[in-house]
Amino acid sequence: MKLEVNAVSKRFAIPVLDGISFQAAQGELVCLLGPNGCGKTTLLRIIGGLEAPTAGEVRFDGRPVVVGAADLHVGVVFQEDRLLPWMTLADNVALALRAQGVEARARRETARRHLRFVGLQGFEDYYPNRVSGGMRQRAAIARALAIDPAVLLMDEPFGALDAQNRRIMQAEVRRIWAETARTIVFVTHSIEEAVAIGTTLIMLSARPARVRELIRNDREGGARDPHALIDHLNQVIMEEVLHQQGRAPGP
Amino acid sequence: MAAPGSSPGTAWQRWSRRLRLPTAVVFLAVLVAWEAVSRRYGPYVLPAPESILTGLAAIVRDGEIWKHTGASLSRIAVGFGGAALMAVLMGLAAFLWAPAKIAVRDVVTILNSTSVFVWIVVSLIWFGLTNMAPIFTTFMITLPVVAANVVEGLESVDRRLLEMGQVYRLSGWEQFRAIVIPSTIPHLVAGLKVGFGLALKVSVVAEIFGVTSGIGYIMNYSREILATQMVFVWAVVMIGIMLVTDRLLFESLTRRLERWR
Chain A
1 MKLEVNAVSK
11 RFAIPVLDGI
21 SFQAAQGELV
31 CLLGPNGCGK
41 TTLLRIIGGL
51 EAPTAGEVRF
61 DGRPVVVGAA
71 DLHVGVVFQE
81 DRLLPWMTLA
91 DNVALALRAQ
101 GVEARARRET
111 ARRHLRFVGL
121 QGFEDYYPNR
131 VSGGMRQRAA
141 IARALAIDPA
151 VLLMDEPFGA
161 LDAQNRRIMQ
171 AEVRRIWAET
181 ARTIVFVTHS
191 IEEAVAIGTT
201 LIMLSARPAR
211 VRELIRNDRE
221 GGARDPHALI
231 DHLNQVIMEE
241 VLHQQGRAPG
251 P
Chain B
252 MAAPGSSPGT
262 AWQRWSRRLR
272 LPTAVVFLAV
282 LVAWEAVSRR
292 YGPYVLPAPE
302 SILTGLAAIV
312 RDGEIWKHTG
322 ASLSRIAVGF
332 GGAALMAVLM
342 GLAAFLWAPA
352 KIAVRDVVTI
362 LNSTSVFVWI
372 VVSLIWFGLT
382 NMAPIFTTFM
392 ITLPVVAANV
402 VEGLESVDRR
412 LLEMGQVYRL
422 SGWEQFRAIV
432 IPSTIPHLVA
442 GLKVGFGLAL
452 KVSVVAEIFG
462 VTSGIGYIMN
472 YSREILATQM
482 VFVWAVVMIG
492 IMLVTDRLLF
502 ESLTRRLERW
512 R
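Chain order of the listed sequences is A and B. Per this note's numbering: the first sequence = residues 1 to 251. Per this note's numbering: the second sequence = residues 252 to 512.
Everything labelled a hint here was simulated from the structure, so no lab data went into it. The structure presented is a predicted model; accordingly, all values stated were derived computationally and were not measured. There's no promise every hint is true.
[Stated by the list, open to error] Per the computed footprint, the stretches of chain B lying under chain A, defined by three or more beta-carbons under 8 Å from a beta-carbon of chain A, are:
| hint | region |
| --- | --- |
| 1 | 409 to 423 |
| 2 | 426 to 440 |
[Claimed, not checked] Pair by pair, the computed Cβ-Cβ distance ranges are:
| hint | chain 1 | residue 1 | chain 2 | residue 2 | range |
| --- | --- | --- | --- | --- | --- |
| 3 | A | D125 | B | G333 | 37 to 43 Å |
| 4 | A | R174 | B | W348 | 44 to 50 Å |
| 5 | B | G333 | A | N6 | 54 to 60 Å |
No residue lacks a Cβ here, since even glycine has one placed at the ideal position from N, Cα and C.
Kindly generate the complete structure, drawing on both the sequences and the hints.
This is how it looks when you write it as structure tokens:
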């Protein structure tokens, strides 16, 4: 699935996104980076059809994304797992398949297959509160994958995990991406995380956000030394933060 | 003193907890005082503790206990059952339609500030000496309690979960069934628990007027024929009903519903 973001702008009370454009080919893992509060999550929600842009459009394989369209298959992994605590992990995944017109037995089978895929075999019948935060996020990923999404959106999905679990889950996203060849858009505020997993890194500027830099981070794109890249991005983000503070309206 | 989180105390402390020793001590003290007062002032003022047991045995033997308990509980079933149903409908209206929410809130506040006695008097005027009087009173008193809990439950539904439902294209009904109902049920059960206790207390008061069966009626009747002993016996029956429904019905219901916690 090819993703096109064409001159997307969004205003709430103030302009948040200002003419953002980029493209991602099928099977890319795009990481959205930027200073805190620059509108990364808003951009992700517009890509996922959860919110309409004020101007511009998003296209999947040339077809424009329409908010609320019935045929929009987008898997979203949020900052929180957003599992229903009163349903087992398997039922949570199966619930997402209801709208796809899959019959009950097939829903159960698909749910179990995807839970196995994310390494939750044996935990299918556990309630979310009985497993760790990392396992809950794995279940949320299984749910997002189960609907066979056109694109998988992840909004700082590991922000609440400890450093060790975070590294494990980053490797897991890399594996899932490699095995499913999905197009993934991944929002993170961690430059190290983005450099570790992304094939394309998009650095947004401070609000109103524009694309400040688009960096290929794979072999074809001539990947740079990761440490140099991290240093560079840290410097860019620092500039943006200072820039934003300099523009802050006075008291 | 045992440090919290360490061993559960000495054997003596464990046994004292299991037997509820502190409660037993208080109970014993009350019994002794009761016996003393009873001997000093006579059974008309305070019947002896053991006479309560014999009175209880008597009403079990002649079936009076079932007749009056049944009459009270069937009135509660109609009045409180109707209130619970109405409370759910009010909660739904408030959930689905913003203007209704404001109205429901204000109605609940006003009803909550109304005294039991208002409803008893009004229902006597409207329904006279009939079954409807205690039923109506129970309905009006328990309605705001259950409704407030239902509204609170519906308001506490996590919007982020509803958004997840939208992402996965769940229909309105599926979101309601999978997300809204399970979030609200613990609040509903809490409301029903408090409401039932209130229903029992209120309906008994309302039964003093105009009906010829029920625990409230028979207590008042016992007072009129100077059978103080039976007043106490029926009070014990009431406490028994309350404890049994609380333990057997609501506690097990809560446990079942909260398996996932």
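Cβ contact check, 8 Å cutoff: the region 426 to 440 of chain B against chain A, three residues minimum: The restraint on the region 426 to 440 of chain B holds, since 3 of its residues have a Cβ under 8 Å from chain A and three suffice.
message: The hint says 37 to 43 Å between A:D125 and B:G333; measuring C-beta to C-beta, is that right?
response: holds, 39 Å
- prompt: Is it true that A:R174 and B:W348 lie within 44 to 50 Å of each other by Cβ?
  reply: For A:R174 and B:W348 the Cβ distance comes to about 48 Å; the hint holds.
field: B:G333 versus A:N6 beta-carbon gap, inside 54 to 60 Å or not
entry: About 59 Å separates the Cβ atoms of B:G333 and A:N6, which means 54 to 60 Å holds.
field: Coverage assertion for the region 409 to 423 of chain B with respect to chain A, Cβ distance below 8 Å, three residues required
entry: Since three or more residues must qualify, the claim that chain A covers the region 409 to 423 of chain B holds, with 10 doing so at under 8 Å.
No hint from the list above goes unmet by this structure.
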